[in-house]
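Q: The lines below spell out each chain.
There are 2 protein chains.
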Amino acid sequence: MATFMDVHDGFVGVTEAQLAEAHQADLDIQATEGVHFERAWLDPESGKVFCLSTGPSKDAVMRIHERAGHPTDQVYEVSVEA
Amino acid sequence: MATFMDVHDGFVGVTEAQLAEAHQADLDIQATEGVHFERAWLDPESGKVFCLSTGPSKDAVMRIHERAGHPTDQVYEVSVEA
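So the sequences go chain by chain: A and B.
Quick note on numbering: my numbering labels position 10 of the first sequence as 10, and the sequence is numbered without any gaps.
Remember, my numbering sits 100 above the position in the second sequence when you count from 1.
Warning: the hint list may mix true and false statements.
[Said to hold, decoys possible] Residues on chain B that point at chain A, a partial pick, calculated with CB under 10 Å: (1) F104; (2) T132; (3) E133; (4) F137; (5) L142; (6) D143; (7) F150; (8) C151; (9) E166; (10) G169; (11) P171; (12) T172; (13) Y176; (14) V178; (15) S179.
In short, the hints are calculated from the structure, not lab data.
Beta carbons: idealized from backbone N, C-alpha and C, even for Gly.
For reference, chain A alone in the conformation it holds in the complex:
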């Protein structure tokens, strides 16, 4: 199991309720790929969202995000932590 940070753009002005809804869409299907999303952080001014997850592969994380309706190709395997 590896740890991933991914980045989404374009979430300008998104509210807490909207982020929770988008995150829930990931949570609802994450088990189908063995992925677990831990936390998501949003900067509504720049529209950046950062998601921390664990899972079997970068592709698995990308597939969950794509099926949940918010695809991104910015997924990084963060194998080192401090």
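Place chain B on chain A using the hints.
A: Just chain B now, kept in the frame of chain A:
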């Protein structure tokens, strides 16, 4: 107090010990700006580092990173979390 995620590029091939050393350089001086770095994640393949912190302002976070020797202008105030 706000929460921030910042991103560094160029840490390709950096080891766990080197990340710990860079992170410690932030910790050593963070109190001078009222910043607290919580966690840092590294993808040594792409060279991306993500740092999660709390502090009074984006500029305070930038000043600590600059004085610690690893400046970045990619600092995002993540005011919403899921």
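Q: With chain A as the partner, please determine if V178 (chain B) meets the hint condition of a C-beta pair closer than 10 Å.
A: It holds, given that the least Cβ distance between V178 (chain B) and chain A is near 4 Å, below 10 Å.
Q: For the restraint on T132 (chain B), tell me whether the closest CB of chain A is nearer than 10 Å.
A: Not OK, violated: T132 (chain B) not within 10 Å of chain A, min 20 Å.
Q: How about Y176 (chain B): closest beta carbon in chain A under 10 Å, or not?
A: holds, 4 Å
Q: Checking hints one by one. Is G169 (chain B) an interface residue toward chain A, by the C-beta closer than 10 Å rule?
A: violated, 15 Å
Q: Any CB of chain A closer than 10 Å to the CB of F104 (chain B)?
A: holds, 9 Å
Q: Would the stated hint for S179 (chain B) survive a check requiring a Cβ distance to chain A of less than 10 Å?
A: holds, 7 Å
Q: When the nearest CB of chain A is found for D143 (chain B), is that gap smaller than 10 Å?
A: holds, 4 Å
Q: Given F150 (chain B) as an interface hint, is its Cβ closer than 10 Å to any Cβ of chain A?
A: Nearest chain A Cβ about 5 Å off; hint holds.
Q: Verify the interface restraint on E133 (chain B): the C-beta must sit less than 10 Å from at least one C-beta of chain A.
A: Where the cut-off is 10 Å and the nearest Cβ of chain A is about 19 Å from E133 (chain B), the hint is violated.
Q: Any CB of chain A closer than 10 Å to the CB of P171 (chain B)?
A: violated, 18 Å
Q: Using Cβ atoms only, decide whether T172 (chain B) comes closer than 10 Å to chain A, and label the hint accordingly.
A: violated, 14 Å
Q: Given F137 (chain B) as an interface hint, is its Cβ closer than 10 Å to any Cβ of chain A?
A: holds, 9 Å
In terms of the numbered hints stated before, the structure departs from hints 2, 3, 9, 10, 11 and 12, listed from lowest to highest.
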